[in-house]
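Chains as they are written, first to last, in our numbering: chain A, 110 to 459; chain B, 176 to 609.
Just so you know, the hints here were simulated from the structure itself, not pulled from any lab data.
Keep in mind that a hint or two might mislead.
Under the rule of at most 20 Å between Cα atoms (straight-line distance), these lysine to aspartate or glutamate pairs were calculated in the EDC-like manner [said to hold, decoys possible]: (1) Lys304/B to Glu577/B; (2) Lys434/B to Asp184/A; (3) Lys486/B to Glu252/B; (4) Lys434/B to Glu439/A.
Over the 10 Å line for every Cβ pair with chain B, so calculated as not near, a few chain A residues [as the list claims (entries may be wrong)]: (5) Val197; (6) Gln222; (7) Ser226; (8) Pro241; (9) Ala252; (10) Val254; (11) Ala256; (12) Met304; (13) Lys319; (14) Glu380.
Label pairs and their computed distance ranges (CB to CB) [stated by the list, open to error]: (15) Gly347/B to Leu131/A: 54 to 60 Å; (16) Thr459/B to Gly412/A: 32 to 38 Å; (17) Leu583/B to Val330/A: 53 to 59 Å.
We treat Cβ as the ideally placed atom computed from N, Cα and C, and that holds for glycine.
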Amino acid sequence: MASLRSFLQCNFDILRKTFVILFVNVRDALNQAMDEELERDERVFLLGEEVAQYDGAYKVSRGLWKKYGDKRIIDTPITEMGFAGIAVGAAFAGLRPICEFMTWNFSMQAIDQVINSAAKTYYMSAGFQTVPIVFRGPNGSSAGVAAQHSQCFAAWYGHCPGLKVVSPWNSEDARGLLKAAIRDDNPVVFLENEMMYGVPFELSEEMMHKDFVIPIGKAKVERQGTHITLVSHSRCVGFCLDAAAVLAKEGVECEVVNLRTIRPLDVDTIEASVMKTGNLVTVEGGWPQYGVGAEICARIMEGPAFNYLDAPAVRVTGVDIPMPYAKILEDHSVPQIKDIIFSVKKVLNM
Amino acid sequence: MGSGRLPKTIVCEHRTSLHPQMHVKTIPCKEKNIYEQDPDILPPSGAHLRWTEGGQVVSEAASVVVSSRSYADFTPEATFDIKKVDLHRLEEGPPLTSTLTREDGLKYYRTMQTIRRMELKADQLYKQKIIRGFCHLYDGQEACAVGIEGGITLSDHLITAYRAHGYTLTRGGTVREIMAELTGRREGIAKGKGGSMHMYTKNFYGGNGIVGAQVPLGAGVALACKYLGTDQLCVSLYGDGAANQGQIFETYNMASLWKLPIIFICENNQYGMGTSVERASASTEYYKRGDFIPGLRVDGMDVLCVREATKFAADHCRSGKGPILMELQTYRYHGHSMSDPGVSYRTREEIQEVRSKSDPISMLKDRMLSNNMASVEELKEIDIEVRKEIEDAAQFATTDPEPPLDDLCSHIYANEKSFEVRGATPWTKLTSHS
């Protein structure tokens with residue numbers, strides 16, 4: 110009887126776990142990651158606007174204040190420059206803050222603290238002063254929030270040595286990269302995406318383990334292909350996979366590379382892919398000029414993969430305008446699946 | 176400034192004891208007739224002096240020449256009246272007297288003199304182009320750094336802006352490593368990577384180049400003190416120019432809301448670069464600018480005033496009452512930086528007047544001598560030792576080699592295995608070590 114019961118128990122657990130962990134949306138993945146890291150290390154704390162009693166402006170920190178209280182989940186006044194500076198100072202003195210910007214647009218108020226106080230300090234002090242801080246928040250375009258709330262900051266922060274800049278796409282990325290970022294002794298800019306928060310993804314048991322981390326600085330090949338490489342980050346990875354599915358029907362097999370990290374850029378994975386396929390299209394939500402795609406193309410040109418290109422590398426980007434409001438205009442301001450398909454066909458001369 | 180202090184006195188090695196009852200000593204004068212050179216300088220009161228042909232200054236009352244003094248002769252401690260502090264939202268302030276021990280007096284004297292001479296040496300090296308870039312000198316403000324340190328301990332924390340050499344010293348840096356950092360050498364306190372504005376020691380967070388940014392950083396350090404349950408506090412300094420920065424007001428707000436153990440200190444040296452306080456601030460009562468934060472306005476040229484005020488402020492913080500703000504009224508003799516002669520927006524007369532009436536080192540010296548807490552020779556001995564230390568440090572700073580090129584890309588990330596860094600060309604592959 111005992112063995113039958115334990116047999117049933119075991120299977121029930123598997124079933125329970127299977128159902129519980131099968132689909133986790135990005136918001137919950139971030140939430141669970143923070144919860145586990147708060148539990149693991151007492152020095153970790155979260156501060157930002159509405160993170161505590163409001164449960165987070167986008168509910169990413171839901172339940173954390175109830176569980177950890179005022180000391181570790183801190184609501185701040187609407188003073189980004191001040192609280193970002195306070196977060197960095199706390200990191201100087203040995204804590205491990207998570208500083209939330211309600212959106213990365215508001216980080217511009219505090220950008221001096223991110224760059225001059227956080228990013229550069231380890232170097233300026235010749236290794237004396239570490240800054241183990243995570244800045245996180247939603248980045249890039251949302252839906253109908255117009256120009257001042259829709260900018261992508263991947264290129265701006267990706268420009269700066271001393272920072273790590275991370276841009277997760279799915280729940281696995283969100284969970285693994287946020288844990289890695291919190292455990293990292295360096296300042297990490299963590300670029301989430303509001304449109305992805307509610308999207309569910311499968312998470313395996315391994316991914317649900319409390320020590321599951323994804324190494325920062327390593328890209329992932331989400332889909333193997335042979336004809337062309339699509340390199341992307343954040344929400345656009347999903348568009349690339351959708352485009353690849355459509356193109357597969359026409360016999361074009363796209364390899365989709367999910368950057369995961371903007372800085373340090375995993376050039377090796379991109380190069381290996383391009384050397385395999387011979388063609389490259391980068392896809393991003395941000396503006397084209399001096400952007401992530403521009404950097405990737407330059408690096409490919411300067412490296413061994415250039416000789417394997419059968420056609421010039423091309424970028425698919427957000428339109429070079431401030432984000433408009435009207436839905437029809439907004440839809441045409443961001444890269445769509447059809448733009449990716451069109452670019453692939455152009456590059457492959459189809 | 177200041178009451179109960181001696182009239183114009185000169186800083187020189189040949190001043191006799193100023194107390195009329197004291198044994199006086201003949202002291203050879205290096206310069207022929209200093210009083211003739213500057214008719215404005217009065218002989219120290221209480222002693223009638225005449226000049227001998229050999230250029231010696233002799234007191235008419237001096238019939239006894241004392242050749243040596245034992246240290247047992249010295250007053251072990253004395254209590255001084257100090258200037259009353261202006262208060263904002265405080266019922267009581269720091270005490271109106273300060274007791275100085277001989278030991279502390281000598282320590283403060285030595286430290287202030289070291290800062291003074293170190294800054295003057297930096298001036299020299301800068302003019303010789305051995306120091307380059309930014310160099311913001313602290314001479315004139317020594318009483319602030321030394322007095323503050325006298326009111327806290329090294330387990331407390333401190334952060335300041337770019338006029339930071341004095342604080343780097345009081346917070347545990349050595350003259351050698353400070354000067355070697357200024358000259359950009361490998362033994363510099365930041366291995367030559369930081370320079371004048373980016374020096375760090377334990378519990379000292381620089382040295383910060385962006386005006387005002389250090390203030391919220393200091394509040395963050397204070398938050399950590401509270402979070403970790405220590406009794407420590409953070410002193411966060413800024414100047415009269417920075418006092419108008421928005422982020423400082425943001426910090427006042429959060430520090431008060433969360434009762435952070437932070438002492439905000441505004442070093443008001445009257446000028447933000449070339450802009451006088453009246454031209455920059457609608458309210459120049461910087462000690463009141465914290466509004467809901469209690470404030471003190473303190474004579475920043477008097478090391479004892481600064482010390483007592485800091486002790487008072489530290490007690491306030493440690494008792495859990497939250498932040499407090501101190502305005503230190505001080506003065507810098509040099510211009511804003513080495514590229515500023517410092518006379519286009521203020522007069523030479525003003526600088527000279529402060530130097531002669533309110534010099535912090537003179538003030539301490541006068542107090543100690545007139546109360547028999549030290550002898551002239553003893554202080555002279557300290558001067559000589561300090562001079563030597565500075566000379567040796569300057570020598571070291573000039574001869575130590577520059578950092579190795581291998582170090583160029585190091586210290587980008589902490590606790591990371593080595594990785595490749597792109598050089599100026601795609602073929603230049605450099606390595607970064609943690």
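Going down the list of hints, with the structure as the test:
| no. | hint | verdict |
| --- | --- | --- |
| 1 | Lys304/B to Glu577/B | holds, 15 Å |
| 2 | Lys434/B to Asp184/A | holds, 14 Å |
| 3 | Lys486/B to Glu252/B | holds, 19 Å |
| 4 | Lys434/B to Glu439/A | violated, 45 Å |
| 5 | Val197 | violated, 6 Å |
| 6 | Gln222 | violated, 6 Å |
| 7 | Ser226 | violated, 6 Å |
| 8 | Pro241 | violated, 8 Å |
| 9 | Ala252 | holds, 31 Å |
| 10 | Val254 | holds, 25 Å |
| 11 | Ala256 | holds, 24 Å |
| 12 | Met304 | holds, 31 Å |
| 13 | Lys319 | holds, 21 Å |
| 14 | Glu380 | holds, 13 Å |
| 15 | Gly347/B to Leu131/A: 54 to 60 Å | holds, 56 Å |
| 16 | Thr459/B to Gly412/A: 32 to 38 Å | violated, 59 Å |
| 17 | Leu583/B to Val330/A: 53 to 59 Å | violated, 33 Å |
The structure fails to meet hints 4, 5, 6, 7, 8, 16 and 17 from the earlier list, while all remaining hints are met.
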